[in-house]
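The two chains are supplied separately, each in an independent frame; assemble them into the complex guided by the hints.
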Amino acid sequence: MDFPFLSATMLRLLAVLPLTLELWALSILFGGILALGLTWLRSRKDKILPNLARAYVFVFRGTPLLVQLFLIYYGLGSMKEVQQSFLWPFLREPFYCAVLALAMNTAAYSSEIFRGALAAVPYGQIEAGIACGMSRWMRFRRIVFPIALRQALPAYSTEIILMTKATALGSLVTLMEVTGIAQKIKNDTYRALEVYLCAGLIYLVLNFAIARAMAALEYYLSPHLRAIPASRQSPNPAIVL
Amino acid sequence: MTFVDLLGFGPKGWGLALLTGAFLTLIVSIVALLIGSAFGALIAWAKLSKSLAANMVGDAYTTLFRGVPELLIIYLFYFGGSSVVSGIAHGFGLSGFHDVPPFVAGALAVGLISGAYQGEVYRGAYLAIARGEVEAAIAVGMSRGLMFRRILVPQVLRFALPGLGNTWQLTLKDSALVSVTGLVDLMRESAMAAGSTHRYMTFYVAAGALYLVLTSVSGVLFNLAEARATRGLRRS
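Protein sequences appear in the order of chains A and B.
Numbering-wise, the working numbering puts 223 at position 223 of the first sequence, and it's gapless, one number per residue.
For the working numbering, count along the second sequence from 1 and bump the result up by 1000.
If we strip away everything but chain B, and leave its shape as in the complex, we get (with noise of 0.2 Å):
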């Protein structure tokens, strides 16, 4: 079979195929980086408290889900979840195995990882608001929730960007390891079509090139949206 035949659209090609774990990859990560955004605004939130123990626990959650391999962590998270679900289900009298779907246990996991990375990033981004910004908000006698929604959300968003746009791809390359939990995401296709098929070589580097094409485009987006929400900016 020629190269055309293998990751092309017939009835013996692989594209289709690998085009459709391209967009499982796509929504995967696209969940984790919002269950990341979630976790990672709690974690901000956390270690720029004045309370000693929130901050204790924002530097635990980092320092554990940043020092321990994002393989692991979605082991613990799918086989460690699972035989959690299983222990239930046996209380429930239902017998043999149980599994948290791979779905749920990947995105949980990358995205737990993603909201460590996430947490960093706004904490950054809210320590360079100007404090003169939220003085004027005070004086102008704005209340606590419209001083977050008018003046700190929307330049934190816009401080946080280069950082998001990093973390955004650090997330979706860790996707490829939730292909372990037998998620049929871009990593898997191939891995099934190259075992399939014996053309190992053929298949990796289409999905290495379809990953690259997921990275650099999200790059330029993320440099597009950078560029809009820094229009009223001033550059030095």
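The following block holds chain A by itself, in its conformation from the complex (with noise of 0.2 Å):
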């Protein structure tokens, strides 16, 4: 084991840690807002609408994520009309058409996510917001989303989790993220097995770090969930609190 290369191979990695981290980030976040809009698109009661969205879904859905960010990248940037329009200083910066390219992935997947949430919501307790007589805007905010949010937060966290390791893509349209870099110390030095071992071992950190975070998240947002603890039990049983 040749400990000072591997140190030095870490350290190079991990110096681009945070663009890995601002490509995941962005993603999500304008994935996430996509995916919003899909949803609400889905649940729009005339013809054209919802199947507009459906159709998104299944054409992100049912390409892999390399040739959707080759088309954005390679394709629209061929394109004189993206060239001569106002886009091009983003189209043009393979970081941009990554983050878009993951963005309108992720939105597929995630509009699933919110859509199946949503559905999940029982329908009685809808109806007892509007017996008390709460506004269309307050029911949703008090009893729509956060039982939605609830239902919704397991997949979520696995697609988060897919999102950190569709970030290795943007090693493909030239970002030098983790996987990037990882690519060109293997191609300056013919050492493969340590090179790539380095940077598994920093995304299998990173995405065991979301994963526990996730799982914190959703034990502090189901706390009527859990066992009641012993201190707090009835000393008599037959009260269930």
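A hint or two may mislead.
Some chain B residues judged to face chain A by a derived CB distance under 7 Å, without partners named [what the hints assert, rightly or not]: (1) L1072; (2) Y1075; (3) F1079.
Since the hints were made in silico from the structure, they are not lab data.
Please read all numbers here as calculations on a predicted model, not as lab measurements.
For each residue, glycine too, the CB sits at the ideal point set by N, CA and C.
Encoded structure:
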């Protein structure tokens, strides 16, 4: 084991971790906003809008992310119309192309998660809100949103971890994030095994931390589902708290 | 050149090349799915076993292969594997770079990733089998092998089918990443076509459409299989 090489590689990879994290965070942010829009379109009563959202989800879930990324980076970038438009300063940059591809991709998956979570809100709860005279907005804020959030969280944390892994594709459009730098070090040193294992370790630790954080959030949001601590249990077992 | 010339089957058309690529994508994905089903079954067995060591091995496998980017795993198998192979070749006095065949490295990498997801699918399916079924098998005096073959496998496959369909879709889409090893699958073929004609938009849209055909047709097939496998079950 060549520890000096391993630690030097690790330091170089960790130096570009901020770029990976930036890509990850922006994709999740914009993807989440887009997903909320798609979920809203799906819940509309008319004929056209829900079908548009359905078609979007079908296309983005049915094709590999790599095709979507290349389509945006090479495809849109090669069009004269795009090169002369106000979008060019953004679409010229591999970083923004990667953010766009990742966000559009995750929006398709996330909108299905959100839709399922909304559908899982028991109608009795909404009825109770109506019976209390709550307005639509208050019902959403106090009843539908909190219940749907808890429903969506486990599946959404899986989606977030998938996004961490998806940021690695940025290296294929010349972005020098963790995988891109790993590829560069490998080309310089020909020590593929050590370099990729170091990079893999970084992603693994990152995903582990994200999974723990999401589990903690889930725990924090569901106090009513936890077992009652022994100290607070009623001395009389006939009375259920 | 028009759209039809580019994507057609004429002398300058890339139609046949794209279809060949799509065929190779299908083959890589099927091989990966089969490799994954073998590893998935082993992982499910390890996770369901009473042995703590086996549980830990199963957990480590799923954590590892679901927590590291697919692209990195493919690089690790292709470039890492190739440097090991080259090292062995140098030991035998052969010089130069010797690589693992891209098909082997790619199918193995995608297959092992698929195995991590399939392991969870099989584990869930096993747990869904009613305990009474196993008890009845023991009561009529079935041996372990017979019980496995007649009671467990048919039901595990039935319950696993929806999850297996999802895993297949993942594997099919992950197979596009194998193109980085130089394997001429649909992704690589369309990238080459796009590069040599400078019609990036045309060819990536065509590739996307072909992937969409593969995923949606196989989705329909899985639904049919599911309908057939559960035809004996009463629906609630």
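Outcome of the hint check:
With a cut of 7 Å, the hint placing L1072 of chain B at the interface with chain A holds, because the nearest CB-to-CB distance is about 5 Å. Satisfaction of the interface hint for Y1075 of chain B is found here, the shortest Cβ-Cβ separation to chain A being roughly 5 Å, below the 7 Å cut-off. A cut of 7 Å between beta carbons decides the hint on F1079 of chain B: the least distance to chain A is about 4 Å, and the hint holds.
The structure shown violates none of the earlier numbered hints.
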